[in-house]
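Colleague: Work out the full structure: start from the sequences and follow the hints.
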Amino acid sequence: MKRWTLFIPFIIFVLLGFLLWRALYLDPKDIPSALVDKTFPEFNLPTLVSGETKTQASLQGDVHLVNVWGTWCISCKVEHPFLVKLAQQGVKIVGVNYKDENEPARQWLQELGNPYLYSVDDEAGTLSMDLGVTGAPETFFVDSKGVIRHKHQGPITQANWAPLEKIWLDLVNEAKGGSQ
Amino acid sequence: MRYFVLFASILFSTFSLAIVDGHEYVFDGENKKENEAKAELFNELAQELRCPKCQNQNLADSNAMIAGDLRRELYQQVKAGGDEQSIIDFMVDRYGEFVLYRPKVNAMTYVLWYGPIALLVIAVICLIVIVRKRKQQPELDEADLSEAQKKRLDELLGKDKGDDHV
Numbered sequence: 010m011k012r013w014t015l016f017i018p019f020i021i022f023v024l025l026g027f028l029l030w031r032a033l034y035l036d037p038k039d040i041p042s043a044l045v046d047k048t049f050p051e052f053n054l055p056t057l058v059s060g061e062t063k064t065q066a067s068l069q070g071d072v073h074l075v076n077v078w079g080t081w082c083i084s085c086k087v088e089h090p091f092l093v094k095l096a097q098q099g100v101k102i103v104g105v106n107y108k109d110e111n112e113p114a115r116q117w118l119q120e121l122g123n124p125y126l127y128s129v130d131d132e133a134g135t136l137s138m139d140l141g142v143t144g145a146p147e148t149f150f151v152d153s154k155g156v157i158r159h160k161h162q163g164p165i166t167q168a169n170w171a172p173l174e175k176i177w178l179d180l181v182n183e184a185k186g187g188s189q
Numbered sequence: 005m006r007y008f009v010l011f012a013s014i015l016f017s018t019f020s021l022a023i024v025d026g027h028e029y030v031f032d033g034e035n036k037k038e039n040e041a042k043a044e045l046f047n048e049l050a051q052e053l054r055c056p057k058c059q060n061q062n063l064a065d066s067n068a069m070i071a072g073d074l075r076r077e078l079y080q081q082v083k084a085g086g087d088e089q090s091i092i093d094f095m096v097d098r099y100g101e102f103v104l105y106r107p108k109v110n111a112m113t114y115v116l117w118y119g120p121i122a123l124l125v126i127a128v129i130c131l132i133v134i135v136r137k138r139k140q141q142p143e144l145d146e147a148d149l150s151e152a153q154k155k156r157l158d159e160l161l162g163k164d165k166g167d168d169h170v
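First to last, the protein sequences are chains A and B. Under this note's numbering, the first residue of the first sequence is numbered 10, with each subsequent residue one higher. Under this note's numbering, the first residue of the second sequence is numbered 5, with each subsequent residue one higher.
Hints were generated in silico from the structure; no laboratory data involved. A few of these clues could be false.
Computed list of lysine-lysine pairs in DSSO-like fashion (alpha-carbon distance at most 27 Å, straight line) [said to hold, decoys possible]: (1) B:57 <-> A:108; (2) B:139 <-> A:11; (3) B:57 <-> A:160; (4) B:83 <-> A:108.
Modeller: Rendered as structure tokens:
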């Protein structure tokens with residue numbers, strides 16, 4: 010037997026070790042969204058504050074963040090001040106009020122500020138199901154043609170905004186380029 | 005005979021999971037046979053679809069909010085007469101392949117599906133090669149040794165000049 014063949018178990022061990030070591034730093038909750046690069050699902054829902062009906066057509070023509078939130082969701086409360094700040098900077102955010110009651114939701118917006126252009130009332134959770142939402146908050150980056158381009162799970166904060174801002178700016182630039 | 009039945013029932017009992025809130029999912033249409041088929045499909049899918057929020061629980065087993073919502077959706081679709089494939093497609097369209105405990109066979113999952121078989125084939129080939137090599141090696145006999153080798157063997161075995169008292 011050739012001498013080098015003695016090293017085969019060792020090589021396999023190193024490869025396996027590398028594989029498992031790498032897996033330690035992967036996030037098993039980071040599931041690729043099935044909806045990226047697909048058109049925003051159809052919906053026909055009343056808004057929370059004014060009560061007028063909105064459809065997926067209202068997302069076209071501009072870049073939007075679609076943020077799924079609820080008053081029952083603690084991380085949403087953590088995220089909220091930063092969304093208000095983003096809205097002040099001119100980021101257009103549309104809310105999806107997910108399985109929530111109207112009165113507490115309106116109160117929440119009154120007390121904590123309203124970063125949303127409008128929030129649609131998804132009390133039954135149908136739109137959220139079509140969006141593949143598994144919990145709140147989740148935020149979808151929707152381009153000016155109404156196509157979902159990125160999905161962020163969990164709260165958006167100052168700490169994780171930098172890479173997301175790049176996605177946002179790319180979409181804004183793309184929209185500008187398209188209209189010229 | 006009694007023991008045989010007992011033994012057989014233990015041996016062949018299928019592992020099944022209780023569905024959380026099971027009482028909510030009643031199939032009470034007019035056709036009894038159809039109801040049974042629907043209930044069976046519902047149970048099968050609830051056990052085979054993974055809760056998208058949980059790391060390793062199926063829809064039947066999880067009490068996460070999203071699992072409850074999806075069980076209800078599944079129930080409604082089965083009740084309305086949806087077939088297995090359309091329901092699976094509905095779930096995959098929204099939550100991705102992650103929800104399938106039995107992933108589809110495609111370029112991304114070839115390793116998953118065929119990897120174990122490939123490993124088994126490789127192992128069998130290795131085994132055959134090793135066994136054949138062993139067979140090819142001529143069996144050695146003490147008679148084949150040279151004088152010097154015989155002497156060394158005797159030394160190692162502790163034989164002193166024909167004195168076999170060891």
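Colleague: Run every hint past the structure and note whether it holds.
Modeller: Right, here's what the structure says about each hint:
{"no.": "1", "hint": "B:57 <-> A:108", "verdict": "holds, 16 Å"}
{"no.": "2", "hint": "B:139 <-> A:11", "verdict": "holds, 19 Å"}
{"no.": "3", "hint": "B:57 <-> A:160", "verdict": "holds, 15 Å"}
{"no.": "4", "hint": "B:83 <-> A:108", "verdict": "holds, 23 Å"}
In this structure, every one of the numbered hints holds.
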